[in-house]
Amino acid sequence: MPTKRYILSFIFFLLISPVFSTEYNASFFGIKSNGTTLNTTSIQKAVNFISEQGGGTLKFYVGRYLTGTIVLKPNVTIHLEEGAVLVGSTNIYDYNIDTPNCALIYGKGVDNIAIKGKGVIDGQGREVAYHLMDQIHNGILADPLDYDRPRNRRPKAIYLRECSNVRIEGITIRNAADWVQTYDQCEDMVVDGITVDSKEFWNNDGIDIVDCKNFKLLNSFIDSADDAICLKSHDASKRCENVEIRNCVARSSANGIKFGTVSAGGYKNIRIINNKVYDTFRSAFTIATPDGGMVEDILVDSLHAYNTGNPLYLRIGARWNNGRQGTINQVVIQNMYVEVAAEKPDAGYSYEGPIEDNPRNISPSGIVGLEGQPIRNVTLRNLEFVYPGGGNPNYAYRGTTQEELAAIPEMADAYPEFSQFKELPAWGFYIRHVEGIIFDNVKLRAKANEYRPALVLDDVNGYDVSGLTVEEGTNKRKKQIFVQNSKK
Amino acid sequence: MLIKPEAMKRIAYLSLFFLMGANVQANEYNASLFGCKSDGVTNNTSSIQYAIDFIANEGGGTLHFYVGRYLTGSFELKSNVTIELHEGAVLLASPNVYDYLDYSGSRALIYANGQSNIKIQGKGVIQGQVPLFTANMETLVSKGIMGRDSKQLLPDLIRMENSKQVSVDGIMLLNGLENVQSYVGCTQLTLSNQIIKSNVYESSTGIFLSSCSGVELRALYVDASGKALREVGKNEIRIQENCVTPNGKKL
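In order, the protein sequences belong to chains A and B. With the numbering used here applied, the first sequence has no gaps in its numbers, which climb one by one up to 488 at the end. With the numbering used here applied, the second sequence has no gaps in its numbers, which climb one by one up to 1251 at the end.
Hints may contain errors.
[To be verified] Straight-line C-alpha distance at most 25 Å; calculated SDA-like pairs for lysine to any residue:
(1) B:K1250 / A:E423
(2) A:K447 / B:G1248
(3) B:K1249 / A:E404
(4) A:K344 / B:D1169
(5) A:K443 / A:N307
(6) A:K268 / A:K344
(7) A:K344 / B:P1095
(8) B:K1249 / A:E423
(9) A:K422 / B:G1185
(10) A:K344 / B:V1200
(11) B:K1249 / A:N392
(12) A:K422 / B:N1199
(13) B:K1037 / A:Q135
(14) A:K422 / B:S1192
(15) B:K1037 / A:G390
(16) A:K422 / B:E1084
(17) A:K422 / B:A1219
(18) A:K344 / B:L1132
(19) B:K1119 / A:N307
(20) B:K1249 / A:G390
(21) B:K1037 / A:D197
Treat the hints as calculated values from the structure; they're not laboratory data.
Turn these sequences into a full structure, and let the hints guide you.
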């Protein structure tokens, strides 16, 4: 019976072949799930071994696996079964603090890697940061303590650089001491169905996608103390390209979805589709390019935001640009609905967004370029932004006379943030230094009366506001559009 | 003892760093040096009080709070100590009534008596948690643990008595109880560049002055559910300029 023999040998081949995914249980390498044994060396041995065998999966079943930094190796998948928790050590010296981006899970230049399953990675970030802080105060580690917190050596939960063919699926990531997960110059990568729950320390960005190409972030829930979903560009010769963010929900005590702040190279062909943002202190969506980055071909479609501090902020600056000129060109924002909060929208976070740039009434959306460096070709289509209104001129005042508008500073080298100008002369949109902007079925609504108009355009060439409708409290005949130094 | 040059160098750097880390300048102190946590949940009362006493013993200086939320109960200011709340720093008043000390019949988050040269400054915030606090208090009253006259023990955010050269500059004061800030028998008192918003408690006074002299009020915005400024006894207000309420009127 040759057929039977073929089948048998084929099965045998499957079993021994290292090319086919091979699974190893963590216990096989002496890894303990008791939550107290420090497993760093055992897990590292397992990863190295599996990689040397040609690749495979390291499986963690239910339990708590205490560990320091694990360095990923090619062709290895970490699989965290439901109930398995990789627990970050609270000892700062258990991390690779001598590398610039230390992390619990670290990978550089490795291909074909994955972290999957319904398990959890818990960075214990606050405790790690406190231990680091103690070591700094003891004089053992040197750190300048920006804002009275450690500038360097705070471990991320995951840091991958120059990796390709990467999948992060299903897992939950908790409580890093810094950015939760950073993917820097990675290619062909998919992050799908993950949960981020990290509100335990400063700079807890939910996910940072830095200079990545062909990247998809899908079906994920991200709740983080700093920006939730963040694209960055650290290298002037690189950029984020072909990035898709789809079906995600973001909550943040900073921005919901953000480009920047560091934007050296730029962003091209970014698709942000069908996402929700809520309880955010700053903007639901913002693009900041203060460091010379070129931003082009951006689509935001179907973004719904509730209880947010600000709907939208697009900004060119000149901060660390070294003479290069940042640009924003071809931005389409459509089918966006936003409700702006009257009170502090992120109340209840341990690390709430800072009360700053006061006095100011509720800030408008902003599209603000620089003099001679306009933001180009912005289409706003089917938008509805709802503001509380009620701005009080006795608290903070900015008028719309020529002098008052000219007195608004450029703030080119300032940290770009929707509130940076303090009080602005509009409640809905403040638009300055823009070339080509279309309002197509855009509705701005203020619930209470305002002393400011809905829209101020200053130094805008080529505008079409025929598709704008405004409602403001009981004011029916107020002049809502104020144009200076601009032409259609 | 023989020490290798590299080791010497390391020791030199280390001690240099320690010096720099401990004191940026001779009398500047970061809150974290005393174990203060900006996480919004750690109660920092004893750390802050220890820091103030320590700085006062050293002859004075500044305690710096950077961005973050610092939960605390009552603490006392001492002569020659400045509290600097940098932009984004929030001193968050504990909602627990027992976290407030009784200072001869009055309570306050920040209290001083008989001190001189004391300052609270910066763009930071001092914030009460009125609904939480009053709910806690009502529970205690209904259980019979606190008397019904407990109302007079509602803490102010700031209360200073019999002190001189007092300055509260630039601070935002949010959600006080009966009095946001009160000054009794103080001389050379300057309140400037403050934003006061206190509308959660039903009748909250922005500034309470009693028997103070040499008072300067500059650039205050007072949005309070009670009186913006309440005076008892004889006060000498030397200057009042650019002080307004939400409807644009003077205090």
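Status of each hint after checking the structure:
A distance of roughly 22 Å separates the Cα atoms of K1250 of chain B and E423 of chain A; the hinted pair therefore holds under the 25 Å criterion. With a CA separation close to 22 Å, the supplied pair K447 of chain A and G1248 of chain B stays within the 25 Å bound. Proximity of K1249 of chain B to E404 of chain A is assessed by CA-CA distance (about 23 Å); at most 25 Å being required, the pair is judged to hold. For the suggested pair K344 of chain A and D1169 of chain B, the alpha carbons sit about 24 Å apart, so the restraint of at most 25 Å is met.
Pair hint K443 of chain A plus N307 of chain A holds up; C-alpha atoms about 18 Å apart against a cutoff of 25 Å. Straight-line distance between C-alpha atoms of K268 of chain A and K344 of chain A comes to about 33 Å, which puts the hinted pair past the 25 Å bound. Using a Cα cut-off of 25 Å, the hinted pair K344 of chain A and P1095 of chain B holds, with the two alpha carbons roughly 19 Å apart. Our distance criterion of 25 Å between C-alpha atoms is met by K1249 of chain B and E423 of chain A, whose separation comes to about 21 Å.
Simply put, K422 of chain A and G1185 of chain B have alpha-carbon atoms about 37 Å apart, too far for the 25 Å limit, and the pair is violated. Note on K344 of chain A and V1200 of chain B: the hinted pairing holds, with a Cα-Cα distance of about 14 Å set against a maximum of 25 Å. With a C-alpha separation of about 13 Å, the suggested pair K1249 of chain B and N392 of chain A falls inside the 25 Å cut-off, and the hint holds. A C-alpha spacing of about 23 Å is found between K422 of chain A and N1199 of chain B, which places the hinted pair at or below 25 Å, so the restraint holds.
Of the pairs offered as hints, the one joining K1037 of chain B and Q135 of chain A holds, with about 15 Å between alpha carbons and a cut-off of 25 Å not exceeded. Taking the CA atoms of K422 of chain A and S1192 of chain B, the gap is about 19 Å. The hint holds against a cut of 25 Å. For a cut-off of 25 Å, the pair hint linking K1037 of chain B to G390 of chain A is broken: about 36 Å separates their Cα positions. For the proposed pair K422 of chain A and E1084 of chain B, the alpha carbon gap of about 22 Å is at most 25 Å, so the pair holds.
This hinted pair checks out: K422 of chain A and A1219 of chain B have alpha carbons roughly 17 Å apart, not beyond 25 Å. Only pairs whose Cα atoms come within 25 Å are accepted, and K344 of chain A paired with L1132 of chain B is accepted, the gap being roughly 17 Å. Among the hinted pairs, K1119 of chain B with N307 of chain A is inconsistent with the structure: their alpha-carbon atoms are about 37 Å apart, more than 25 Å. Pair hint K1249 of chain B plus G390 of chain A holds up; C-alpha atoms about 18 Å apart against a cutoff of 25 Å.
With a C-alpha separation of about 21 Å, the suggested pairing of K1037 of chain B with D197 of chain A holds against the 25 Å cut-off.
Checked against the numbered hints above, the structure breaks hints 6, 9, 15 and 19 and satisfies the rest.
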